[in-house]
Amino acid sequence: MTALVNGGHGLVKEVLMIDRDLNILVIDEDPGRAMLLEEALVDAGYRHVVTIQSTTNLHDRIAALAPDMVIVDLQNPDRDTLEGMFQVTRSVKKPIAMFVDQSDGEMIKRAVEAGVSAYVVDGLKRDRVQAVVDVAVNRFETFQKITDERDAARTALADRKTIDRAKGLLMQHRGVSEDQAYKLMRNAAMKQSRKLVDIAQSIITAMELDAQLMGGERHVG
Amino acid sequence: MSDRLYRTVRAGYMALTDCAPLIIAQELGFDLQEGIRLEPVRMNSWSGIRDGLAFEKLECAHMPGALALAMHLGLSGMKTGIRVPLLLGHGGNGITVSTDLYEEAAAILGSAMPTTRSESGMLVRVVAEKRKANKQPRLRLGAVHAFSSLNYELRAWLAHAGLDPDVDVELIVVPRPKMVEALAIGEIDGFSVGDPWGQLAVEAGIGRIVATKADLYPYSPEKVLAFRSAWVEGHYEIAVKTAAVVSRALGWAAQEENHAELAQILTQEEYLDLPEEVLSRALDCKPKLAPDTDGEPVARYLDFSGDNQPTTADAMWLLAQMRRWEQVKPGCEADVAEVFKPFEPIGSTVAKLEVGSKKDPAAAAFDGVDFTEGDVEAYKQAFAV
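Residue numbers (my numbering), protein chains in the order written: chain A, 423 to 643; chain B, 23 to 407.
I should point out that these hints are in silico values taken from the structure, not numbers from a laboratory. Just so it is clear, the structure is predicted and the values come from calculations on it, not from any experiment. Treat the hints with caution; some may be incorrect.
As the list claims (entries may be wrong) - Coverage of chain A stretches by chain B, computed from C-beta distances (three or more under 8 Å per stretch; other residues unrestricted): (1) 497-505; (2) 527-536.
Stated by the list, open to error - Partial pick of chain A residues on the chain B-facing surface, computed with a CB cut under 7 Å: (3) Thr478; (4) Asn479; (5) His481.
Just so it is clear, CB atoms sit at the ideal spot from N, CA and C, and this is done for glycine as well.
Kindly generate the complete structure, drawing on both the sequences and the hints.
Laid out in structure tokens, this is it:
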């Protein structure tokens, strides 16, 4: 915010006062993401940030909190309630406008891509809105990245376990060394243009089936 | 043909019984037979569906006809050109009141209890009057989105009983999955919602469906298949095929002998994830209206049959509702005249459009207000409230 740097002392104080007093409500069903966003907003100097998860009586809670701005994830089922608060009833003192109504296509597009939607009190200045939305978009993107990485790490770990198990089974039942077992699977994967983990899974399934049949025969015999 | 050669068309929907045609078109493979791949995408809010369509996350969607017009006019979310080539059936809505409100009204009205469902707004009126006399808070009723027939039906039903919906009661928006809970804890005293959510309140023993859309405006438009017109322009053939396979699915869903299979498909976790018997009753037009009763025949409760080709009269009817409740300024007739229009068929489309009888959207309207001229302003003037 260049105004803070270049403006006179009085102006700086005024701008800071206003923004620190902005009432921001975060509604998110994901507590992890909500916490990340709340922390970031507090770090950015916003003092009045309230986070709620999906709740009953949402209408009354929002009316009581009278936020200047609501940040909510795009897929949240409560969005219709938020929109209804300014379209159906006039019971909320501060009329809320949809951020998406504003004309800045690029900013909105980035927000939508990140899964952020925002509702703001009518008349709130655009740059003040943008500052909060930027924080939200950044945090949503960070959260998505963390989630993706965690999922990828989990998949990698699960794959590793599957491959190790198949290797163990081959060593046990076919009497090959660890290296040979691995090479057998690798060759099969390359020949069939399949992933190593898929080959490993097939081996495990086949061995399990084998064991079941053997067990069945023994039982019959 | 390899899978990836099929053009994928993402279709947003909400978990309501009337999303059935989209699900069926994909589940029964009507889409693949036409060389497209329809991908139903379950969404959590009408706002989400609207934004998904506007911001190119969806190519088409199941949505209230009024929301399609509101998007087109820039009244809701980003202004987005919309084309509606198909209606997704008729009916499917109902107004439910809490059993507490029902019993309180019955005690006041005694032998004067309304005998037809279209007059049941009287139940709300007598309790609202009692509350007012006792200086108690107003009754609160839930609807799901401002730009929906559900909202207009609730308002018209209240107005018909002599209530001003913006003054005598409080209308709030509650998301569908929370409606039953909101009714149970007394956050709201009733709601207007798409099937099966009213039936679920009845099943829970906390609500009674006192009026259905079929009792109010049986021939008026309901959900539609809405496309982003910019996408249609660039992908006309795929758009036409999409509408054609959904139309074919409507015809399939209209057949009574298919209802059991349809309910089985819809009940799956990935789609509605709601009890099969409740869905079956809706499809058979025998909804359960009150606790401790069986399903009751309600003609056109949910109707996929008939002519689902949209007309300008349908759009004008919806615009008239939007005007009646002051959601739109006068003079938008020309802007929406081209929105509700079937696609021009093209030679390579296999599926036939299902065509049946088409009535005026205001036919058999419970308030008796005529709309044969399609005059939006005259319609608005016909009502005191």
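Structure-based check of each hint:
1. 497-505: holds (count 9)
2. 527-536: Per the Cβ count (3), the hint holds.
3. Thr478: Hint holds; threonine 478 of chain A Cβ to chain B Cβ min 6 Å, cut 7 Å.
4. Asn479: Hint holds; asparagine 479 of chain A Cβ to chain B Cβ min 5 Å, cut 7 Å.
5. His481: Histidine 481 of chain A check passes; min Cβ-Cβ to chain B is 5 Å, inside 7 Å.
Hint compliance for this structure: no hint is broken.
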